[in-house]
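Starting from the given sequences, assemble the full structure and let the hints guide the process.
Read off the chains here:
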Amino acid sequence: MPNAIPIPDQTPRLQLRTITKRYPGCLANDAIDLSIAPGEIHALLGENGAGKSTLMKIIYGVVHADAGEMLWQGQRVNLRNPAQARSLGIGMVFQHFSLFETLSVAQNIALAMGAAAGTPKQLEPKIREVSQRYGMPLEPERLIHSLSIGERQRVEIIRCLMQDIRLLILDEPTSVLTPQEADDLFVTLRRLAAEGCSILFISHKLGEVRALCHSATVLRGGRVAGHCVPAECSDQQLARLMVGEAAGLITDYPKAKGTEAFLQIKGLSWHNPDPFGCSLTDIDLEVRSGEIVGIAGVAGNGQDELLALLSGEQRLSHDAGATISFGGHPVAHWPPDARRRHGLAFVPAERLGHGAVPELSLADNALLTAFQQGLVSKGLVQRRKVEALAQDIIQRFGVKTPDSQAPARSLSGGNLQKFILGREILQQPKLLVAAHPTWGVDVGAAATIHRALIALRDAGAAILVISEDLDELFQIGDRLGALCGGRLSPLQATADTCLIDVGGWMAGRFDAPQSPASATL
Amino acid sequence: MLLSLEPRGQQSRLMLWCSPLLAAVLTLSCGSLLFAALGHDPLLTLQTLLIAPVSDGYGVSELLVKALPILLCALGLAVAYQARIWNIGAEGQLLIGALAGSALAVNIIDMQSRWALVLILLTGTLAGAAWAGLTAWLRTRFNANEILTSIMLNYIALNLLLFCVHGPLKDPDGFNFPQSAMFGDASRLPLLMEDGRIHVGVYFALLALVAVWVLLQKSFVGFQIKVLGLDKRAAGFVGFREKRLIWLALLISGGLAGLAGVCEVAGPIGQLVPQVSPGYGYAAITVAFLGRLNPIGILFSSLLMALLYIGGENAQMSMNLPQAITQLFQGMMLFFLLASDVLILYRPRLNLRWPRRAPATAMQAGAL
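Residue numbers (our numbering), protein chains in the order written: chain A, 1 to 521; chain B, 1 to 368.
Each hint should be verified, as a subset may be incorrect.
Stated by the list, open to error - Pairwise CB distance ranges, derived in the manner of DEER restraints: (1) Asp-164(A) with Gln-11(B): 42 to 48 Å; (2) Asp-33(A) with Val-342(B): 32 to 38 Å; (3) Gln-11(B) with Gly-328(A): 47 to 53 Å; (4) Arg-84(B) with Leu-143(A): 20 to 26 Å; (5) Asp-319(A) with Val-342(B): 51 to 57 Å; (6) Arg-84(B) with Glu-350(A): 15 to 21 Å; (7) Arg-341(A) with Leu-22(B): 46 to 52 Å; (8) Arg-84(B) with His-145(A): 16 to 22 Å.
Simulated from the structure, these hints should not be mistaken for laboratory data. All C-beta atoms, glycine included, are put in the ideal place defined by N, C-alpha and C.
This is the structure:
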């Protein structure tokens, strides 16, 4: 697609000169230079821990650089807080959302915009208008806690678009969107850029960086590894800039057939008491030992509900126990620990606050789900064994951390996800349910996670992956399906389906014609 | 700004130990200034407040008698607070423990066996636990906020005690004074020493200290309580039973407070009186946090709190210091202790020159 390259000899909208930031024990940013022209869409690429987040926080005024200077439209600025950054016209969509869960969409937006913007009620029409203009449907009066991850991100994006914005920073914005939605977002972003707004776009999906961004800065280990024009580079070249060597990052895994069905869901219907939630209707699903089943779908179409029913956080009555069974045992009425004893392992969508306790050390977080693996004797925690398990996970899955006593909160997303996945895999589960396993995770860590899942599959475990990343599902899934409005499409072998079919299922067209032409990718 | 705090990223082991010392130095120096300004000799006043109360065996035993109920209540509260269950009801649980123990004791005054004492202690502990159980039931059954229910139960407990001491439990030979009959000898806690009032309740406290330490630091139940407090969703997704843990934490909390109450009536007091507790249950809340919810820390902070109680009374009597001043001194000490704790997670940084105001301020005005 033709991206209008902005006029080069203009004062840059934002210029960074030798920005340096040191944290206790690590140099997060080492003399970083960056320049963004008005109307330019600039990509910031890099592994987790490369210093992208720190750099963005410096630009947004959350963190203060130790050295270096920042020029805003040619003038030196010293941002002391995000409010000041916002008043300059800098907006940011964080990867971890900063929304108040008990407030409504409109109240959250009103809070961020300050008193001058008016009351939440006054903002509602404008929120509707902006959300419609940019193709992101959103009801302003809904409460945040009832929104899915994808919908929450829409709130964050719209919150920035409500203001008069000159630089929009987006941290992995497309990770929760369908391909169609991502394309819509790109249209929005291009329109914004054409209006003169600069965009700093952080993503690890190289394809979309190439499709969208005019230029890119690649960070590695806190330094600038290179500048490039993404449209002229291949995935391999970009990946090599990011991680140093790109071998084994992008692979095709052989597909497997699996043996006997381990997880069986028969006619599962569940009415969600939450009026904004999604109810499940008549779900039938089988996952065989030794295969990976991938479930696609846009956020809020029943994924959270299905996951809660599978993990045991949501239990059914005793009579309905047989609607979910593990290897023939009815389990739908069992609590989570009993299901775990029967071979379940579970990786929730949210790493901090669900999959791991942020304040506790990695060792304690290993104990969190592995407590039935002989780590507790006579009611006392066997510290030495817990420690050994944590060390084992850290080593086998290449988790970057000072030691096993580091709090989970201090790890980057990808590292923590490797730890969580490692913790579940080392329990040798018969069934692993993973939600968004590589959401917001860099290429290197994603490849590690995919390899680990494939290895677990080949060892004979049944794996169910619920993800919004279609590339990922096609890459590792052996059979695919999609959730839409609480219904599950029939499953198809990955080799016999294509992106268009899955896109159709995600939109609720389960009887999409299986023409021979669509069977080839 | 000249002095700024920046996060350390992790706890500083050094400051963990130094912050109480720093607080002590600050309290002593500011306290001296305060006393000097009021025209008292600072050193003498501090001596009266902090050293005189524990300068002889009797003083130490009084300190322990005072610290005992605070320690027991605070240990129980630490368990509940680790689970982020804000039990404010230790006072009420203590009173109910004292009341139930006394109700039994006045009916078995003539019993000679040592089992009388065991029965009384057991009754008090169970009654305290049951009183906390009410809070647990309201919380788990109706999702009622435990802060409100436990405070309200405090007043119910106090009035129940007053009713009983003026009515059914009043000593028939007591000249109509609102107090129960003295307990039988067999139902009193034996003294540890000839002089002083220190009694075997100290052993219960030590036992409780070890038990709570093992529970919180070593046991898997303690780990579950901690996880529940930090992150309810994580606890749910691995199948920790939230309701069961809430019950457990509150029952332990109430049981220990009830034990503290029954130890008061069966120990130093020897009968049920309206003023069983001068607010031990409330002091224990401060003590629990001051000890950072750690059993060892709580031991020290309960001793400190008891010292401040006794020292304050001492200074009022011997130096004519107004009560407000000793309370001010107590408040100062607590303030400095909590303030110094900030340094465990944050590092102070002194910027000697003012940062230049960048043109951002001008820009800001333009942009608005």
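Contradicted hints - numbers only:
Violated hints: none at all, because every hint is consistent with the structure.
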